[in-house]
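Chain residues, written in single-letter form:
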Amino acid sequence: MQISLTINGSKHTLDVEPRLLLVHLIRENLNLTGTHIGCDTTTCGACTILMDGKSVKSCTILAVQADGKSITTIEGVNNADGSINHLQEGFKENHGLHCGFCTPGMIMRATELLANNPDPTEDEIRWGISGNLCRCTGYNNIVKAIKYASAKNRGVEPASTEPQFV
Amino acid sequence: MIQCKTSKEISGMGHSMKRKEDIRFIQGKGKYIDDIKLDGMLYMDIVRSPHAYAKIKSIDISEAMKVPGVAAVVTGKDLEKYGLHWMPTLMSDTQMVLPTDTVMYQAQEVAAVIATSRYAARDGREAVKVEYEPMKPVMDPFKSLEPGAPILRTDKPDKKDNHIWHWEAGDKKKTDDLFNKAEVVVKQQMYIPRIHVASIETCGCVADYDKVNNHLTMYMTTQAPHAIRTVIALVAGHVGLTEEKIRVVSPDIGGGFGGKVPVYPGYVIAIAVSFLVGKPVKWIEDRSENLQADSFARDYHITAEMAGTKDGKILGTRFKILADHGYTDASANPSKFHTGLFSIATGSYNYDTSFMEADAAYTNKPPGGVAYRCSFRVTEAVHAIERITDRFALEVGKDPAELRMQNFIKKDEFPWKSPTGWTYDSGDYHAGLQKAMDTLDYYKLRVEQAEKRKKGELMGIGISTFTEIVGAGPSKDFDILGIKMFDSAEIRVHPTGKAIARFGTKSQGQGHETTYAQIIAEVLGLPAANIQIEEGDTDTAPYGLGTYASRSTPTAGAAAAVAARKLVDKARKIAAYLLEVSEEDLEWEPGKFWVKGVPEKSKTIQEIVFAAYTNHPQGMEAGFEATHYYDPPNLTFPSGAYICVVDIDKETGAIKVRRFVAIDDCGNIINPMIVQGQVHGGLTQGIAPAMYEELIYDEAGNILNGTFMDYLVPTAVESPNWETGHTVTPSPHHPIGAKGVGESPTVGAPPAIANAIIDALSPYGITHLDIPITPFKVWKALKDKGVIQ
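In the order they appear, the protein sequences are chains D and A.
For the first sequence, this note's numbering gives the first residue as 775, with consecutive numbering after it.
For the second sequence, this note's numbering gives the first residue as 20, with consecutive numbering after it.
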């Protein structure tokens, strides 16, 4: 089947099998390997992308369902000048990643979370990313990273990125 | 709080330097195994058994071969022609690569389909028809050892039962004598459930055999690339694939936790197929395959006993273990250690009498026994000692914190010889527990608890004060397949004073690219930002045994420090030459030599390095490079004091972790931010088995929760807001006084949580529940005691 879609701002027309998963289109056909696959049950969120601004798990969407849509992957979130955005910076500055495998999905999910709720509470962040599994970080610093981006987006000074100890 | 000897610009030890590796990961530019794509690459998918135990009557590949894109289907009979249908395990057992006649567990590999695309391989997999004759599986290790149980390993002609091995440590007679006459003896049967590492990236490989040059490049998710290269050479040397013809590359790894140490059948099949067809072959597991077939962790049935006095003095311990290893012992332990380092189970307490023994049984479950974020069975050991210590405190009516304070080994009693033969290097257990208690105002919580109990409300406070044993290990005892467990570092400083350093270990998220650079910066005074770290390519990195068991800092980190010191020695000679003084007249601080009393007469390390290439003394070897292979004189013994506070809803059994304070002592700290990150992550991997995770099998051998839908990895909602801190007791024998930390929290957290829950329930006579302690288990225990209807 022929489909047309916009990925990270560029338009693509592709001939795909009807059963092709969107994540495979992204990874295999377009070589955008920043979107990862961590499960086969729509549970882990490593494959999260934005489709028309909404975060979706691309392992559970057929490529043909993305016909006519606009997709954003981790490769498309940097600022226009190529610098990293506030969420990316938040993850780096707050040690919000270890192995990095869940990170692109987390950032994509958090992008929509902050778009809908620019100043979320800790509880709202935790529930907001509960569809994305991280096995490394224990989530404390992911929460901190998203709070950092929220503050920066709103022009507020973020909390210290130094680790806090009891 | 942490003293730094270097400036932030240098960022040696103690600085919370932001991680150098992050810049690629946050932009989706990490390079993981499934991101590798080679010209002409074929894809492999694996047919798996639906039965736990069955004879294979036939495998019909004819329909599969008709599927467009399918190139080949490989069965055990095909591999048998090359003697590749079985492979050795690290524990001197044998494991099927593909079966020729019998499957031994559900999800076992039965055949491999090779095709031109991922989808075609999966189509081919669905078209392979296998006829089975199911047999009744043995799922219970206790029943497996009963007389008359069906013998599972019929491939071993001399095997007359399902018993694998027996192991003992300590003094049996002395311990039995003590228990026979002790004032107080407590005994508890406990099960440490079978769990899975569940790293978010599954396992996989791309085997790329080049027929023209007779050369194999094996890209794979491995924590130990060098050892893998040697194993491939030992197994495939007879077909001409000798060690110089093999390159193993471990790319970015999406979490390892011990699960990426073993050699899985999929890797071997991919190599065999690539070797036969001369094309690259990619194999990537899906999540269900990963959970159902890859090596499990834990699965120990333990009877723990403690003997002591009525006033709370611990006098001795006794442990009896039954280990369920599935159909083969594929544990990833050092060769001489059947039960890993379980003998650390004597704990943080001062007593001299202990005996422990273990037996292992075959069952129809997947093989394994990986050291899941744990230095070889230390998690099981710590759970046993910390649970039985709480049982003892309850029995003698003492506060569990006070009983621990009463029994701790004192800081001036180190080095301390344990009843099972370990020499603990250093520790200050009293300080750690005191800090944890002060942090959450322990006695105030006890007052609150007493008030709540009067109202019938359930609140619990649980403590775990553990001693870890990591950094395997000293070559006199520690080897894997005969290769001693040293590790290595090679530092090359370029003429302009920038460096590359390579290691025998392999980060899977631990942040080696940053922390190793900080160790070298600490010693040499070169900015850590200018030191590039590389690991994971056997063609370039020095030989080492890899990253697991919290061994990277204790071994390769030590190697980095020693190699850097060799460079300081060379720098001194060059500086003396440049400054025209004798070496004895020089003073050194990281980054600079100067003439004693004449500080303005100095040479920076960058100037000295440049001279090593441009103006070195006649007779001296040019260049500025050093390598060190570090053989640790002892293991390191990190410790921790964890306190967990829970509130439990009596009617539903729902458990809320209100607070969790973790005070770790990992010796000198290289990067406080990374240490804290490791502790956070480990704690979440500790709450996981304590409250959520267990691989469950039914009697027919079916796994009941083999996907992420029902194997409950904690999300950000289940994971509490961890509160962490540290005490610092340097290791006296480690070059930089560090001990390793990655695993402490995973090891220490489960008993703190279990003890908190039991503490909440103890007024009703509930003295133990096995982990994972779910709301249902709590509700049922309360119902059984008649507390609720």
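Do not take every clue at face value.
Unchecked claim - Once the Cα atoms are required to be at most 27 Å apart in a straight line, the calculated BS3-like pairs of lysine-lysine come out as: (1) A:Lys39 <-> D:Lys921; (2) D:Lys785 <-> A:Lys27; (3) A:Lys27 <-> D:Lys926.
Said to hold, decoys possible - Over the 12 Å line for every Cβ pair with chain A, so calculated as not near, a few chain D residues: (4) Ile777; (5) Thr780; (6) Gly783; (7) Arg801; (8) Asn805; (9) Thr809; (10) Gly812; (11) Asp814; (12) Lys828; (13) Ser844; (14) Asn890; (15) Pro892; (16) Asp893; (17) Arg909; (18) Ile920.
For the record, the hints were derived by calculation from the structure and aren't laboratory data.
We put the beta carbon where it would ideally sit given N, CA and C, even for glycine.
Verify that the Cβ of Asn890 of chain D lies farther than 12 Å from every Cβ atom of chain A, and report whether the claim holds or is violated.
Non-interface label stands for Asn890 of chain D: nearest chain A Cβ at 17 Å, farther than 12 Å.
Is the straight-line distance between the alpha-carbon of Lys27 of chain A and that of Lys926 of chain D 27 Å or less?
Cα-Cα ~25 Å, so holds.
Should the label of Ile920 of chain D as a non-interface residue stand, given a Cβ cut-off of 12 Å to chain A?
The assertion about Ile920 of chain D is violated, with a minimum of 10 Å to chain A.
Beyond 12 Å from chain A, beta-carbon-wise, is Gly812 of chain D?
4 Å, violated
Hey, Lys39 of chain A versus Lys921 of chain D, does the alpha-carbon distance stay inside 27 Å?
22 Å, holds
Classify the label on Asn805 of chain D as holds or violated, using whether its beta-carbon is more than 12 Å from each beta-carbon of chain A.
7 Å, violated
Decide, holds or violated, for the assertion that all CB atoms of chain A are farther than 12 Å from the CB of Gly783 of chain D.
15 Å, holds
May I ask you to check that Thr809 of chain D keeps its beta-carbon over 12 Å from the closest beta-carbon of chain A?
The claim is violated: Thr809 of chain D sits with its nearest Cβ about 7 Å from chain A, within 12 Å.
Outside-interface status for Ser844 of chain D - nearest CB in chain A farther than 12 Å:
18 Å, holds
Once the closest CB in chain A is found, is it more than 12 Å from Pro892 of chain D?
19 Å, holds
Arg909 of chain D: least C-beta distance to chain A exceeds 12 Å?
Since the minimum Cβ distance to chain A is about 5 Å, Arg909 of chain D lies within 12 Å and the statement is violated.
Please work out if Lys785 of chain D and Lys27 of chain A have their alpha carbons no farther apart than 27 Å.
This hinted pair is violated, its Cα atoms lying about 46 Å apart.
Hint violations for this structure: numbers 2, 7, 8, 9, 10, 11, 17, 18, all remaining hints satisfied.
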